[in-house]
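Peer 1: Assemble the complex: chain A is given as a structure, and chain B must be docked to it using the hints.
Each chain, written out:
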Amino acid sequence: MRHGKYPFIIGFLVVPVALYVTFVVWAYIQAFYLSVYEWSGLGPVENFVGLGNFRKMWDDTLFWQSIKHNVFLLIFLPLITVVLALIFAFLLNVGGGHKGGVTRGVWGSKVYRIIFFFPQLLALAIVAVIFGRVFGPDKSGMINGLFPDSWSPWLFLADERYAMGCLLVVLVWQAVGFYVVLFSAGMGNIPTEVYEAAAIDGASRMTLFFRITIPLLWNTVQVAWVYLGIAAFDAFALVNIMTVDRGGPDGATSVLSLMIYRNAFEFSQAGYASALGVVLFFLTLTFAWVTLSATRRESVEA
Amino acid sequence: MTTITKTPSTTALSAGRAPEPRRDLKIATGLSHVALVAWALITAGPLLWVLLASFKSNTEIFLGKPFALPNQFSFETYANAWSDAHIGRYFLNSVFVVLISTAGTMLFGAMAAYVLARYKFPGNRAIYYLFVSGLAFPTFMALAPLFYILKGLGLLGSFTGLILVYIAYSLPFTIFFLAAFFKSLPYEIEEAATVDGASHVRKFFQIMMPMARSGLVSITIFNIVGQWNQYLLPVVIMSGPGADQKLLLTQGIAQISVSAGYQAEWSTLFAALVLTILPMIVVYAVFQRQIQSGLTAGAVK
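Protein sequence lines, in the order shown, are assigned to chains A and B.
Number 45 in the UniProt record's numbering belongs to position 45 of the first sequence; there are no gaps in the numbering.
Number 264 in the UniProt record's numbering belongs to position 264 of the second sequence; there are no gaps in the numbering.
The shape of chain A in the complex, shown without the other chains (with noise of 0.2 angstroms):
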């Protein structure tokens, strides 16, 4: 032990944990303990409700409807964007076929990754802008004008029916090329050995995707399902921005996230605002937890 070390750890540790400590421990410590009480949010801390607010949740049909748009967005977000980046990254470095040794994507697949993961470097805040025009009800709305005159416009955003759908597309949208340039390093890492043995076998592009790409891929396809399904539990800035007074028309794209921001800083709700804090974090551990056990198998050494 050389001297001094102590004084050094204690040196380079300080200031990380007292931030770490005081802006993000102590604040969700204080979530848990809000979430037991009827509070405004001003004054002292008051009005012990036990689990009052949970009940009160229970009964909040809004709340209900948050958590509806929450698992639609937690079952069909992983699911198209996986699927579509799979599909475009088997395209980009495999779909080009087999020569000389070389197994490659098709012609001019850098550019395309590079093209599709930009919306990647834009905030949601900004992509939500975007597409609240992109949606517009009338002819100034990218989608609408590209109809004839003749066209009735349609409402997107403005009808109950679409707008949680135009959210999907929105978070589909952004998330894509992320994935694609993900699963592209992973199918880097499979040793091309693989694909030619197949290939001398006479397996068509189908076999080599199914039989070959998808099972030595399992694990990033995972962290993806994970990744996409905790950003589903967000939207926030989509929700807040882009859909029409926010979350509606009439609750239509209500999800949690804005729930808890309203009622804490809207509605002066902060207990209430911290009970759904506290299930909001119980509902992304169990999803991780499910999400990672259901996925688990025996991985596929390369």
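It should be emphasised that the hints constitute simulated quantities derived from the structure, not laboratory data.
Glycine included, every Cβ here is placed at the ideal spot set by N, Cα and C.
Some hints could be false.
Heads up, incomplete: computed chain A residues facing chain B, CB under 10 angstroms, no partners named [said to hold, decoys possible]:
(1) 109
(2) 182
(3) 285
Peer 2: Structure of chain B alone, referenced to chain A:
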């Protein structure tokens, strides 16, 4: 990485390959290109549309024909967006905050990760898991308490408060990533330095940091992009009196977007969007490879 060559794939059928009818291969390759081109158009279309609309007048925007060229290219909307809509100020605010908070995140994150990865002391694992557990918790849960903590410290609506919060919330992933990285570095050089009488601090700055460069670059990019794109934390923290001077870019654009709905200053909004997106495109064009690997580094390993 992957092996890509420039040869058109339609000629990819070679003698060593199992027989597959050439025509089928051509059709399959053609379909691949259709799918890829379609997605490229879907990706780029909205951005191109924003660019075109930023030059159009309100009347032109409401005419439809989203991809028609504007009647004239005038940069007046850009001047309006930069000064009247304060995009210039929001932009500089964002640059300032992200610059300092990323630097802080990297310094404190690397310090903590280094100590946790390479020194044995009681409580080491406890502190490490305390940091890493932050990865599992949704930020939304802490929203209301975080607001009151900042209020109590008198940091609400201040850059200082926002920067400290950015650093705190970036530490879990930064430490998780860098601790693994520091652990993988060889011990021999460090021991040699110890024999030569280098202090702990000196070893960190002059030996370990340079050796960890590639990991530091990846995680720096990850943090810059993440903090630049933050929306929720600024919305919560940059509130209260006087905060409208200190809005960040994401927050500012969102605000213009809401007010544009009523005042119909649409072309200003589109110009503001272009001013936000353009620097990203330029930076991405230059550092494309590093950005892609930096952002995906966390997910694969």
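Peer 1: All hints are to be evaluated individually against the structure, with a verdict given for each.
Peer 2: Hints versus structure:
{"no.": "1", "hint": "109", "verdict": "6 angstroms, holds"}
{"no.": "2", "hint": "182", "verdict": "5 angstroms, holds"}
{"no.": "3", "hint": "285", "verdict": "7 angstroms, holds"}
Comparing the model with each numbered hint stated earlier shows that all of them hold.
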